[in-house]
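Student: Letter by letter, the chains look like this.
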Amino acid sequence: MVVDVRDAYYSVGDRAIFSGLDLKARRGRITAIMGPSGTGKTTLLKLITAQITADRGQAMVFGRDLATLSRGEVYALRRRVGMLFQNGALLTDLDVFENVAFPVREHTDLPEPLIRRLVLTKLQAVGLRGAADLMPGELSGGMARRVALARAIVMDPEVLIYDEPFAGLDPISLGVIQRLIKHMNAALSITSIVVSHDVQELAAIADDSYLLSAGRIAASGTPAELRASDSAAVRQFMTGAAEGPVAFHYPAPDYATQLLAADE
Amino acid sequence: MSNGGGNSIVFEGVRRLGAVTIFLGQLLAQCLPSLGRPRLLVHQIYNAGARSLIIIMLSGLFVGMVLGLQGFQLLQRFGSEEALGTAAALGLLKELGPVVTALLFAGRAGTALTSEIGLMRATDQLTAMEIMAVDPLRYVAAPRFLGGVIAMPLLAGIFSVIGLYGAQLIGVVLMRVDRGVFWSQMQGAVGLRDVMEGLVKSLVFGVACSLIAVNEGYHAEPTAAGVGLATTRTVVASSVVVLLLDYVLTAAFLQG
Chain A
1 MVVDVRDAYY SVGDRAIFSG LDLKARRGRI TAIMGPSGTG KTTLLKLITA
51 QITADRGQAM VFGRDLATLS RGEVYALRRR VGMLFQNGAL LTDLDVFENV
101 AFPVREHTDL PEPLIRRLVL TKLQAVGLRG AADLMPGELS GGMARRVALA
151 RAIVMDPEVL IYDEPFAGLD PISLGVIQRL IKHMNAALSI TSIVVSHDVQ
201 ELAAIADDSY LLSAGRIAAS GTPAELRASD SAAVRQFMTG AAEGPVAFHY
251 PAPDYATQLL AADE
Chain B
265 MSNGGGNSIV FEGVRRLGAV TIFLGQLLAQ CLPSLGRPRL LVHQIYNAGA
315 RSLIIIMLSG LFVGMVLGLQ GFQLLQRFGS EEALGTAAAL GLLKELGPVV
365 TALLFAGRAG TALTSEIGLM RATDQLTAME IMAVDPLRYV AAPRFLGGVI
415 AMPLLAGIFS VIGLYGAQLI GVVLMRVDRG VFWSQMQGAV GLRDVMEGLV
465 KSLVFGVACS LIAVNEGYHA EPTAAGVGLA TTRTVVASSV VVLLLDYVLT
515 AAFLQG
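Note that the protein sequences, when read in sequence, are chains A and B.
Heads up: the first sequence begins at 1 in our numbering, then just goes up one per residue.
Heads up: the second sequence begins at 265 in our numbering, then just goes up one per residue.
Bear in mind the hints are in silico, worked out from the structure with no lab data behind them.
Just so it is clear, the structure is predicted and the values come from calculations on it, not from any experiment.
It is possible that part of the hints are untrue.
Derived Cβ-Cβ restraints for the label pairs, each shown as a range [said to hold, decoys possible]:
{"no.": "1", "chain 1": "B", "residue 1": "Val454", "chain 2": "A", "residue 2": "Gly137", "range": "47 to 53 Å"}
{"no.": "2", "chain 1": "B", "residue 1": "Thr285", "chain 2": "A", "residue 2": "Arg105", "range": "28 to 34 Å"}
{"no.": "3", "chain 1": "A", "residue 1": "Arg80", "chain 2": "B", "residue 2": "Val425", "range": "50 to 56 Å"}
Using N, Cα and C, we set each Cβ at its ideal position, and we do this for glycine too.
Isolated chain A (complex conformation):
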């Protein structure tokens, strides 16, 4: 078990984000975390990367309770984890090569030729060795995400976390990212955690899936099991129906009454 969240509670102000969340990511597998927007998927990533701590319950990574770790221990743990941000989060004042080299330069004293070889290998893996001299501003969205992926794997992490890797990509870039996630997982035997609401894309690559809803896990299993679920909420999400337990309309006063009132 690489990531193990047990009965986690977390709230911001009066709003409960998690109420009794249980989730496990097993070594060497691709774990998908799905859910409608605003259900706390990104907050969950913050929880397992120790950016926030649960109000109650435990978040364990590599068998260690994150809440009990010192800042130094958290940093030591994070060096075994790579994360791909939704917009890439490349450092805008460094070019592509230096972005990928950044964690290596910060954490090791490797000689320059070795750093160069390491970075070029990772860029080759994402197909962007030719873009090494470009600045982040010159990259398309899909390219920026691939560079960020190269940066995330440059320190050979044991776990790779993807935050909405498919959002806003054209079909070609999307297919590329999808294949890369699968490839990284298989070739480097990296444990992968993918957070997304793109059901179809996830179903094609995930080994285990969790559906997050109202602060807890609504369903879990393989993508096929989820699709065959009896729960109306799970089916609505998996098929993308507008009406169901999740209403299309935000709560509002009666339509007719409000329209008539506007005339007065």
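Could you slot chain B onto chain A? The hints should help.
Tutor: Coordinates of chain B only, in the frame set by chain A:
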């Protein structure tokens, strides 16, 4: 409870002051390690200092020229035009150099620092560093803070020197004050203590302006509006703090 509003403003003010003080402590703790990264530091001195040179030199020239004109008019009434060099030098070194440089620095370099760090926050760059186990305080905030602190006295010095030549241009070339008298009077009247006062002022302003700029950017709300607001706050807060500190320092120097 009638003055609850007033209390909460005071409370908020004290809370902010406390937060900034803690942030300064964290920054200072990271300054030593960031000295070991000369490349980052030099880059930031270049950003805050070299890139402000044109505006500082132009402003210095004109402030000096105005000082020459006004000073000459005033001193002429008392028949002591030859004191122009002394008046301009003391005014520039002790007052105008540090203060005007700090105000220009807040507008030019301070806003650039705040918006840059704020945008890094808004685009997850700072979070990405955290996840890569790199402390953004050490990599981003401390070098920028230190760069500003180092750049400010240098800029103030350049401002004063250019200002003196501006005053000389008006006084000697235009108003026909004797060149030898202009410089020798200045040499006789301006002591090391006057230079030190200006240096201390510009160092203190450098710490204040850089701290405000980096703090506002680092804690900006990660949205377009939030970064804009933080940038505005940097200019307003820096200007007020510089003028306030200027009074305090001037009074302290006169006492001592």
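Student: Confirm or reject each hint.
Tutor: So, going through the hints one by one against the coordinates:
no.: 1; hint: B/Val454 to A/Gly137: 47 to 53 Å; result: holds (49 Å)
no.: 2; hint: B/Thr285 to A/Arg105: 28 to 34 Å; result: holds (32 Å)
no.: 3; hint: A/Arg80 to B/Val425: 50 to 56 Å; result: holds (54 Å)
Hint compliance for this structure: no hint is broken.
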